[in-house]
Structure formats: C-alpha cells, structure tokens
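**Q** Single-letter residue listing:
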Amino acid sequence: MAEPKPALDTLPLKARASALDFYYGDFQALKKIDMPIYEKRVTALIGPSGCGKSTFLRCFNRMHDLYPGNRYVGEISLHPDNVNLLDKSVDPIEVRMRLSMVFQKPNPFPKTIFENVAYGLRVRGVNRRAVLEEKVEEALRAAALWNEVKDRLQDMAFNLSGGQQQRLCIARALATEPEILLFDEPTSALDPIATASIEELITELKQRVTILIVTHNMQQAARVSDFTAYMYIGELVEFGWTDDIFIKPKNPQTEAYITGRFG
Amino acid sequence: MARMARKDIGEIRGIIARAKRLDVIFGVVGVLALGLGLLTFATLFVDMALDGYSRLTPDFFTEFPSRHAERAGILSAWVGTTLVMLVTACVAVPLSVAAGIYLEEYAPRNWITDIIEINIANLAGVPSIIYGLLALGLFVYEFNLGQSILTAGLTLALLILPVVIVATREAIRSIPSHIREGAYALGATKWQVVQHHILPYSMGGIMTGVIIGMARAIGETAPIITIGALTFIAFLPASPVTGTFPFLSFEWLQSPFTVMPIQIFNWTSRPDPNFHANAAAAGFVLVLMTLIMNGLAIWLRYRIRRNIKW
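Chain order of the listed sequences is S and R. Heads up, the first sequence is in the working numbering, so the first residue is -9 and it goes up one at a time. Heads up, the second sequence is in the working numbering, so the first residue is 3 and it goes up one at a time.
No lab work stands behind these hints: they were computed from the structure. Just so you know, not all the hints are guaranteed correct.
To be verified - Here are the simulated BS3-like cross-link-like pairs (lysine-lysine), alpha carbons at most 25 Å apart as the crow flies:
#1 S:125 / S:78
#2 S:-5 / S:30
#3 S:140 / S:125
#4 R:22 / R:9
#5 S:101 / R:22
#6 R:192 / S:78
#7 S:95 / R:311
#8 R:192 / R:311
#9 S:22 / S:78
#10 S:95 / S:196
#11 S:95 / R:192
#12 S:101 / R:9
#13 S:-5 / S:196
#14 S:95 / S:22
#15 S:240 / S:78
#16 R:9 / S:140
#17 S:240 / S:-5
#18 S:125 / S:101
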C-alpha cells in the first residue's frame, strides 16, 4: 500500500487479549497470547492446523463454556468499557449477545429465511413484526443477500445455495448489531465464486464492525485483512500489518509458513 | 487402445468374480431371512383373518362379552384398551421426553449420570411381569389406586418409559452440534435452545418412539393380569364427558376394565370352538390396531423430516 500506515498506538482498540492461556482439560491449547484487536479493522488469524487459531477465536464468545473441562486463564478485555470477557462473573450469554460468530460450515436453522435472520432478535425478546421486518431487511442488505431472497423470505433456508446460506448466516450474525464479528474459516466449505463474494462482503463490512477471521488460506488473509497474526502450537509468533507480515516478516518461522516452505 | 491389457488381467478378473460371488450369496441369504420373517407374520395374520372372518361384523364391536359365542363382542375390550393407552401416553410422553432432554442437554457428565444411563438400558430388558408385580405392590396396595384403568395405564407407562427415553435421546443426538452452536452463539439460553431447536427438530423421532412404545404396550397381557384386570366385564367405564359443569369427569380412571389381549386369552381358553373364532377375530383387530399405529409412526416421521435438513 502506498499511503503511510498510521502508528499502531494511535489506532482505536476494540479488544485486547492479555496473557491468555487456554486448557482443554490438561492440554494447554493457548500459551500466553497477547494481541490487540483494532476497531473496524479486519484481523486474520493464520497458522497450520492445530495451532490454536480456532480455539483462540472461540474464546472471544465463550463457546468453550458449552463443553465441560475447558478453562481460561488471563483476559480478553473488550473496549471501550474494558470488561474482561473471560471473567467468571461475566455471563457467557451476555458476551454472545455482544459478539456474533459465523461458522466454518454454513449452519442455517431448518426454519424460514426470515426466521433465521430474526432469531437473534427473538432471543432478545423482540417480537414486534414491524421491528423484525425492518431489522431483517437491513441485515440481509448488509450481507448482500436481500435482492436474491426478498421475494421468498418464507422459504426454508436450506433451499439456498451454499454461498447464499453462508451469507444468510452472516446476516443472522449482523442483525443483532454485534461489536465484533468472528469468522471461523467461513469459506472452507464453499466454491471459489461463493468464496469471492464472501471475501468482498467482509471487506465491505469493516465499515460497520470489527472483524476477526480465522483462515487456512493465506491468500485470503492477504486479500481481506488489515492485520495478520501468525500462530504456531498455541503461541502467537508474529502480529502486524498484513502487508508487513506477508512482505517482510520479522520471524523466520512466519516467513517459512508464508512462503509455503512449512505447514 | 494405446496399450494392451496387462498380462495378469485374468487374475484380477478372477479376484473380482470371487468377490462378487460373495455379494450375490449375501443378497440371497438376506432375502431369505427377510422372507422368513414376512412369511411367518403373513401366515399368522391370514390364518387369524380366515378363522375370525365370520365374526367380523359391526355387532362384534358393539356387543359386550357373552356366554353365547355368537352374541359375544369386544366392546368392553377395545374401549378398555383405548382408555388405558390414553393414560399411558399422557404419563409416558412428558416423563420420557423430559428425561431424554435432561440426559442429553443438561446432565453433567459424571458417575451419577452413568448410573442413570445404565439403569435405563437395564429397565428396557426387565420382563413385563416384573412391572406387573411392582404395580400390584405399589399402585394397587400402597397407593390404593385399585385394579383400575389408572393403574393399568401407569404400569404400561413405566414399561415403555425406557423405550421412549432412548428414542428421544437418539432423536436429539442426531441434531448436528453446529446447529446447536449456531443458536448458542446468538445468545440463546439452554432452555431457548431446547424450546426453539432441540424439541422441534427431534419431534419426528420422539413421536416414532412413542408410537412404537405404545404398539408394544397395547399387546401386553402379563402385567395387566397381574394387577387384576377382569376377564369378563359387561359394562363400560363412566363417560369422560358429562352433561353438567365442569363437563369433564375422571371417574373412568377408577373403573375396572379389560383389554384386548385379555379378552383374546379368555376366549382361547374356552373349550367351545365358536369362542376360538371370536379369539381369532379379536386377534385380527388387535394386530390391525398395531399396524395402524406403526403406519402412523412412519407417516409422521416422513412429514416432520421433510421440513428438516442440515
């Protein structure tokens, strides 16, 4: 990029992981992760399989709380109110109401298109038809799906194509106006054309929301993200501007992975 | 072809032919096994139909049992069976669905849960007469419910509880975890996930389990005899609907009763061959009831599954 990059300490912060450890039972999956998440930027997490990138992502909305034996140490503070998302006193449901997630495999509910997008609002007790209709339309427009589905909102969601289903899941995640949108390898089950449309969408979405994306596809990280973090066996090896990481990585390990000599 | 077949091609074809022969043999064995089961059932069914054909008149369904074979009917038996099944369903469905949901969604993974699970598996294997003895001791003598429709319904509900719990759990387990996680990720509570997702998506499997359990219960004789159902009964229980406020009566729950299998047993044990024709006709009706219930289960599962895909 030609324009000079602003200094990191002048950028507004949305969240920060500090000294984060995570355990599946006795197995330590994350080790002392320190990493900033900048507001309204796309941050990509890359690294070989099993490096802990998905585990790290799922800490942000406390998905690990659904299964027994998982344990967090350290913190992820969410700004501006500076609350530690991982604290025992913070209800995981409250965390999930503030942060949304899009999964690896499109996972629409076996309900109508409308009810899929409206579900997050329903959970929050919104049941007024007019409000739901307005929010559903807005979310579907933001997910670039409105024109394709506006005449068949009452169709079952599984009648959509894979790429449409994933955009529906993005709309569902957007409808509740999340502060951070978490993507867990959102295109790994999609064909190249659907992948391109999702990537374009992610680039547009950073106008309105902070994005954290896990990807096993390095070109994708290079295309969509502002910042990239390279992880290896539970540790954060390198974090920086995406073009710095891809053009002149400081760590030889990062360089080996990015150039394809490893991983 | 650019290249001729390799020289060991004959050997490869020999291996394939031998492997395919096994395919054919298994296919034949499978068809024979299936045919044996179907043939046994068809023989029984046709035999009963032929023996009881002359007795299958409308009067047969509207007459009480009688000393005269040609005047005897199954009115008290089919009404008794229907009412007992109603009680069984009303008790067994909520209990086993709640138990299944608890075990799948709420129960912590520890040794207490393990013991509960082993117990449920064992309950499914307990002989039905043991349930009859339990019911006699507990419902009839301890709770003083009498030798009534209520006692019979509760007994059969206990009997099918493990079947329906297992069906419920399997239906719930077939819901993929990414659907569950999708709902949790939007901020749903456990109960919201159960109410909006788990229950609706597993309803087909649960209904199937309920109906298969009921189809088993409808033919049970041993536990019903143990609790003391009458073998000869010439009156109907009190009507559940009354002419005066509150228009509903539960007196029928305390009524003595008989059920289809007991009526059949009673007629079979008589020396007069005319009663045997009655038994065959009643048996035919009972099997038909079971077949209709199974058909309903298949239809329901098909209807509900049609709207669910992942």
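**Q** If a hint holds in the structure, say so; if it doesn't, say that too.
**A** Hints, one by one, checked against the model:
Using a Cα cut-off of 25 Å, the hinted pair residue 125 (chain S) and residue 78 (chain S) is violated, with the two alpha carbons roughly 32 Å apart. Proposed proximity of residue -5 (chain S) and residue 30 (chain S) is supported: the alpha carbons are some 15 Å apart, at most 25 Å. Between residue 140 (chain S) and residue 125 (chain S), the direct Cα distance comes to roughly 13 Å. Compliance with the 25 Å bound is thereby established for this hinted pair. Using a Cα cut-off of 25 Å, the hinted pair residue 22 (chain R) and residue 9 (chain R) holds, with the two alpha carbons roughly 22 Å apart.
Our distance criterion of 25 Å between C-alpha atoms is broken by residue 101 (chain S) and residue 22 (chain R), whose separation comes to about 45 Å. This hinted pair checks out: residue 192 (chain R) and residue 78 (chain S) have alpha carbons roughly 18 Å apart, not beyond 25 Å. About 14 Å separates the Cα atoms of residue 95 (chain S) and residue 311 (chain R), which keeps this hinted pair within 25 Å; it holds. In summary, the hint linking residue 192 (chain R) to residue 311 (chain R) is supported, as the alpha carbons are separated by about 22 Å, within the 25 Å threshold.
Of the supplied pair hints, the one linking residue 22 (chain S) and residue 78 (chain S) holds, its CA atoms being roughly 19 Å apart against a limit of 25 Å. Restraint check: the Cα-Cα separation between residue 95 (chain S) and residue 196 (chain S) comes to about 22 Å, which is no more than 25 Å; the hinted pair holds. Note on residue 95 (chain S) and residue 192 (chain R): the hinted pairing holds, with a Cα-Cα distance of about 22 Å set against a maximum of 25 Å. Proximity of residue 101 (chain S) to residue 9 (chain R) is assessed by CA-CA distance (about 59 Å); at most 25 Å being required, the pair is judged violated.
Our distance criterion of 25 Å between C-alpha atoms is met by residue -5 (chain S) and residue 196 (chain S), whose separation comes to about 17 Å. Note on residue 95 (chain S) and residue 22 (chain S): the hinted pairing is violated, with a Cα-Cα distance of about 29 Å set against a maximum of 25 Å. Of the pairs offered as hints, the one joining residue 240 (chain S) and residue 78 (chain S) is violated, with about 37 Å between alpha carbons and a cut-off of 25 Å exceeded. For the given pair, residue 9 (chain R) sits about 63 Å from residue 140 (chain S) by alpha-carbon distance, which is inconsistent with the 25 Å threshold.
At most 25 Å may separate the alpha-carbon atoms for a hinted pair to count; residue 240 (chain S) and residue -5 (chain S) meet this at roughly 17 Å. Taking the CA atoms of residue 125 (chain S) and residue 101 (chain S), the gap is about 18 Å. The hint holds against a cut of 25 Å.
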